[in-house]
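Residue numbers (my numbering), protein chains in the order written: chain A, 1 to 440; chain B, 1 to 440.
Think of the hints as simulated: they come from the structure by calculation, not from any bench. It is possible that some hints are incorrect.
Listed next, the stretches of chain A that the computed footprint assigns to chain B, with coverage defined by at least 3 CB atoms under 8 angstroms from CB atoms of chain B [claimed, not checked]:
| id | stretch |
| --- | --- |
| 1 | 28-34 |
| 2 | 147-156 |
| 3 | 291-301 |
| 4 | 316-328 |
Keep in mind that this is a model prediction, so the values were computed, not measured. The beta-carbon is built from N, C-alpha and C at its ideal position, and this holds for glycine as well.
Protein chains: 2
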Amino acid sequence: MTGTEVFNIGLCGFGTVGQGVWQHLAAHRAGLEARLGVRLAVTRVAVRDRRKARDVAIPARLLTEDPLSIATDPAIPIVCELIGGTTLAREVTLAALRAGKVVVSANKALICDHGPEIIRTAARHGGHFFFEASVAGGIPIIKALREGLVANRFPRIYGILNGTCNYILTRMQEENAPYAQVLAEAKRLGYAEADESLDVDGWDTAHKASVLAWLAHGAWVRSDQMIVEGISRLTPEDFRNAALLGYGIKLLAVITRDFARNELCVRVHPTLLPRGNVVANVHGVFNAVSVTGDVVGTTFYSGRGAGRDATASAVIADLADAASLLKYGKGAHLLGEVTAPPSSGCRLAPAEHIRSRYYLRLAVADRPGVLARIASVMARHHVSIASVIQNPATEPGLASLVLTTHESNERATAATLRDLRRLAVVRAEPVLLRLGDFDS
Amino acid sequence: MTGTEVFNIGLCGFGTVGQGVWQHLAAHRAGLEARLGVRLAVTRVAVRDRRKARDVAIPARLLTEDPLSIATDPAIPIVCELIGGTTLAREVTLAALRAGKVVVSANKALICDHGPEIIRTAARHGGHFFFEASVAGGIPIIKALREGLVANRFPRIYGILNGTCNYILTRMQEENAPYAQVLAEAKRLGYAEADESLDVDGWDTAHKASVLAWLAHGAWVRSDQMIVEGISRLTPEDFRNAALLGYGIKLLAVITRDFARNELCVRVHPTLLPRGNVVANVHGVFNAVSVTGDVVGTTFYSGRGAGRDATASAVIADLADAASLLKYGKGAHLLGEVTAPPSSGCRLAPAEHIRSRYYLRLAVADRPGVLARIASVMARHHVSIASVIQNPATEPGLASLVLTTHESNERATAATLRDLRRLAVVRAEPVLLRLGDFDS
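Can you build the whole structure from these sequences, using the hints too?
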């Protein structure tokens with residue numbers, strides 16, 4: 001018997017996740033080697049500043065400040081891109097793929113913005129691109145979609161993909177606390193970035209939705225092609241109203257495919273979910289994904305969506321798959337070019353085909369006839385009212401009017417909003433939320 | 001370009017699941033071929049009676065009554081064993097593995113009883129054994145454990161693995177209905193077998209627990225080495241008491257590993273779960289698994305645990321992996337002999353190391369001093385009482401006494417039960433349930 005085969009890994013980026021990967025690979029070395037039959041060895045690590053003091057001890061000889069030198073190092077078949085951003089990360093990823101390497105990435109923004117180029121480059125040069133850690137952290141949702149549920153087509157996938165937003169929404173719901181206050185505390189506790197906009201405005205969720213939509217439908221949808229709305233306009237009153245109606249509020253990515261029309265819709269927005277819905281009961285920094293397949297029915301997954309350890313768990317799973325691929329052969333389900341189903345020419349659904357019930361909160365003048373004015377605007381666009389809640393005035397002369405609608409569509413509600421804004425009795429930008437009346 | 005490579009599949013067993021596999025393979029042929037780059041073709045089907053009328057139309061020339069002829073047919077590299085039972089199914093499985101084939105199985109009883117022999121045979125003859133459909137139906141939990149969470153060791157895995165039991169318990173809880181009545185209705189609706197004992201006595205769950213324990217810990221635990229208790233002694237009163245205490249009741253498989261002591265515990269029993277626990281909120285025929293990894297934290301999976309379509313989804317995923325394996329190479333994570341971690345010589349935990357809180361329901365004589373007698377028996381075994389509920393008598397002279405304990409262990413509670421049975425004031429076999437105070 002010869003010794004165990006060793007696969008060298010280059011880590012590009014040594015922040016929180018990179019250090020987690022380093023430490024857990026070291027701690028689980030024996031177990032991984034026994035299971036995989038190969039050894040995973042991190043032999044080079046690219047950092048921004050070699051001289052910086054670090055919590056994790058790492059031999060100085062492994063360090064470099066040039067990640068591109070790792071991407072092109074012939075001694076390194078597996079490159080782990082944990083730099084973040086879409087500039088240097090893209091260069092490193094493409095250089096490694098052009099060298100026929102396996103790239104393991106947690107970079108959803110990169111995939112969303114440059115996915116087609118990455119997959120094309122991998123296919124052309126015999127490289128491979130693994131990205132389990134890019135969506136829903138430690139939950140193996142990528143593997144579930146592309147391998148475990150390969151027998152299925154997916155009429156609906158939805159879920160909570162951003163732990164920061166779910167943390168904020170959970171605290172707003174539980175404590176009846178205003179958004180700004182909870183956000184400030186989340187920043188203090190390290191649950192939100194100093195610049196929170198990528199998370200709270202929905203863009204991070206949109207990047208992840210793009211990845212899932214490609215895996216499930218073979219079509220690339222950029223975030224500028226989606227409805228993307230964030231959570232910053234939600235108020236404690238919205239949570240109270242939702243509770244009265246039997247709902248909670250979650251920021252969801254929703255990916256629906258209408259196979260009859262061959263239309264795909266990818267959207268990100270705060271959603272009222274029935275209290276009994278399992279996703280509505282996933283709280284704090286946890287992520288959750290509900291996947292409805294045409295064969296399996298609805299399956300559900302949850303776990304930590306971010307953080308050092310959960311992300312490292314997913315990165316290491318990809319490193320293990322990468323080592324298997326290199327040692328044993330090239331499984332079809334591991335090949336970038338065939339990991340997604342054919343898109344079958346599906347189109348993005350037009351606004352009038354994107355249907356749901358809606359929740360509309362309006363700050364209106366507190367005088368007679370206001371509801372009639374509003375109702376007539378809605379009727380003009382065939383948006384039918386299902387319920388009305390009028391809450392006590394927050395300021396003198398103002399009332400808060402909350403309407404829910406029967407099923408309508410994005411075109412009709414956009415037209416309704418446009419006309420409502422023109423009414424003198426409507427005193428602030430309306431807040432429109434979608435209801436997610438998903439049975440599971 | 002040559003034509004698409006075709007892999008022949010032999011279906012052994014053409015009952016509900018076999019017919020589902022046949023139909024969904026046909027319906028998804030084009031999509032699967034596009035994703036996998038190969039064609040899956042069912043070329044032979046073994047049935048018990050060729051002349052029987054079937055709902056699913058299948059060409060008569062494919063049929064045989066001899067599954068062993070499929071197992072040894074050199075034109076068939078993939079054998080799908082859906083016969084059930086452990087006699088003929090074992091022969092077919094071993095014959096196919098000895099011929100170096102890939103066997104896809106949904107047969108948890110077979111794996112539980114003959115797992116070591118099957119895995120050994122596969123390793124010796126270059127065969128492969130896939131069994132995603134054997135546990136939790138359409139939920140890709142096997143793939144999650146052995147690939148997606150490969151970076152982890154697993155201190156705790158627990159879940160609902162039997163849809164029949166969960167259906168019965170859900171209806172008992174929601175309708176305050178007695179066991180016998182709900183069971184009879186479940187049989188009428190086709191949710192329970194004519195002979196229900198495999199399900200309701202916990203053996204089916206135990207078989208599946210054995211599979212999960214092997215995957216997570218590399219150790220084979222037979223069902224006769226586990227605590228296995230079923231649901232038939234539960235009463236509506238138990239659900240009312242549990243609700244008073246803030247709990248629901250689920251039949252769980254619980255697999256815990258104490259890495260410090262190197263001990264493993266696998267058990268199956270009705271469990272009181274806190275109402276907020278996500279597994280406690282999985283109802284009806286659905287299955288759910290909570291997996292705690294030392295890196296990823298707790299992840300959670302749910303979906304349909306049985307039935308034609310969910311099981312077919314899992315079988316087809318295995319067939320796809322089998323085809324990838326045959327076409328592209330032999331990935332380490334697909335090889336039977338290294339799919340589980342080394343057991344590291346772990347032992348089964350002795351009864352005194354299996355700890356939890358307990359729920360004890362006693363039918364006692366309704367007279368003074370009874371509680372004192374019972375409390376003194378418990379004190380003798382150092383089982384400490386946490387709460388007492390005394391319910392109105394169900395028959396004259398009898399009272400129902402419900403105690404919960406602080407944390408104790410299986411040895412102390414077994415000794416307590418033994419002594420309680422000897423008390424004249426205890427008028428029926430005590431009912432002992434475990435509390436699952438899992439934080440997630």
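Consistency of the hints with the structure:
no. : hint    : result
1   : 28-34   : holds (count 4)
2   : 147-156 : holds (count 7)
3   : 291-301 : holds (count 8)
4   : 316-328 : holds (count 9)
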